[in-house]
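Note that my numbering has the sequence shown beginning at 202, numbered continuously upward.
Careful: at least some of the hints might be erroneous.
[To be verified] List time: in silico DSSO-like cross-link candidates among lysine-lysine, alpha-carbon distance up to 30 Å:
{"#": "1", "residue 1": "Lys232", "residue 2": "Lys256"}
{"#": "2", "residue 1": "Lys256", "residue 2": "Lys427"}
{"#": "3", "residue 1": "Lys232", "residue 2": "Lys247"}
{"#": "4", "residue 1": "Lys414", "residue 2": "Lys232"}
[Unchecked claim] Per label pair, the in silico range of CB-to-CB distance:
{"#": "5", "residue 1": "Pro303", "residue 2": "Ala280", "range": "20 to 28 Å"}
{"#": "6", "residue 1": "Ala326", "residue 2": "Arg385", "range": "38 to 46 Å"}
{"#": "7", "residue 1": "Pro281", "residue 2": "Tyr387", "range": "30 to 38 Å"}
{"#": "8", "residue 1": "Arg300", "residue 2": "Glu407", "range": "17 to 25 Å"}
{"#": "9", "residue 1": "Leu351", "residue 2": "Pro303", "range": "27 to 35 Å"}
{"#": "10", "residue 1": "Pro281", "residue 2": "Trp402", "range": "36 to 44 Å"}
{"#": "11", "residue 1": "Ser259", "residue 2": "Pro303", "range": "17 to 25 Å"}
{"#": "12", "residue 1": "Arg289", "residue 2": "Ala240", "range": "21 to 29 Å"}
Just so you know, these hints were derived from the structure itself, not from any lab. Just so you know, these numbers come straight off a predicted model, no measurement behind them. Every residue gets a Cβ at the ideal spot worked out from N, C-alpha and C, and that includes glycine.
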Amino acid sequence: MHGRARTVGLSIGVAVAAAAHAQGFECAALKPSSSRLPAYASVPDKTRCEGFFEKTVSHPFIELVSLTRGAPPAGLAAAPLELHTDARSPARLVVQPLRASPFYRVDAALAPGRALAWDPAPMLAATAQPLSALGFLALLGSPSALAGALPALAPVAFTLQGLQDSQVYAVVRVSVEVSSVAWRGYRVAGSAATPAVPAAWTDLPESHLYAWKHITLSIAMPADGKGLRVDVQAVAAANAQALPLLRFAVSGPNDGP
């Protein structure tokens, strides 16, 4: 199952439109929707981009749609959320529905060591999705680097105390029906004491998924505060062929400069 995979970068809905800027903040290269409002664009006077966009899918894939320490607190849908990461460098917050549709996305700047207050009400109203149906990513690096072979992310926490949680939850979504999903984690950087040797694959239970369904991985981060690499593989139900391998790096608080 696992030896036939091709490797691709993290799929996060990058399209062909030219990038926009909001106070120096670079919007993702998405094609704004021509039929739904608000169309994806920079938000005036904010380091944020938001709205509906268009997406064309041409090949099967598995993608990461959320990476968090815990779930959004219940009952806070009408109030601003305080979003945190323990990254030592600036990050890009990406908020999107866990479901395949609607194609709606928020991009915002996350400064190191500072919480971002984000009001989910406009997105919830536009998409008719509950807060529990949203995915949160904090991407490290510029938008042009996100399609690389090993994108790096910092888990998003919904409280300051949540940053202490050593359990990280990754939500992955498949574009076609799959018969199984498996994953493995290993050190971001190897050494003589902790070589970067991939661990054995772990098959997720009940991972026969229909197209555009998602499943959650529970990842225990190292006690020394270092990060992990994660590989995720799914097998298409139609032909028993492995989808392109999803790979990403989960940053720890002791990573970085």
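Hint check:
With a CA separation close to 7 Å, the supplied pair Lys232 and Lys256 stays within the 30 Å bound. Among the hinted pairs, Lys256 with Lys427 is inconsistent with the structure: their alpha-carbon atoms are about 35 Å apart, more than 30 Å. At roughly 20 Å between alpha-carbon atoms, Lys232 and Lys247 fall within 30 Å of each other, so this suggested pair holds. For a cut-off of 30 Å, the pair hint linking Lys414 to Lys232 stands: about 24 Å separates their Cα positions.
At roughly 23 Å, the beta-carbon separation of Pro303 and Ala280 lies within the given 20 to 28 Å, and the hint holds. Roughly 40 Å separates the CB atoms of Ala326 and Arg385, a value that falls within the hinted 38 to 46 Å. Roughly 37 Å separates the CB atoms of Pro281 and Tyr387, a value that falls within the hinted 30 to 38 Å. Between Arg300 and Glu407, the C-beta spacing of about 18 Å keeps the proposed range 17 to 25 Å intact.
In this structure the supplied range 27 to 35 Å holds for Leu351 paired with Pro303, their Cβ-Cβ distance being about 29 Å. Under the hint 36 to 44 Å, the C-beta atoms of Pro281 and Trp402, about 40 Å apart, fit the expected range. Evaluation of the 17 to 25 Å hint for Ser259 and Pro303 yields a pass: the beta carbon distance comes to about 20 Å. Here the CB-CB span from Arg289 to Ala240 is close to 34 Å, at odds with the stated 21 to 29 Å.
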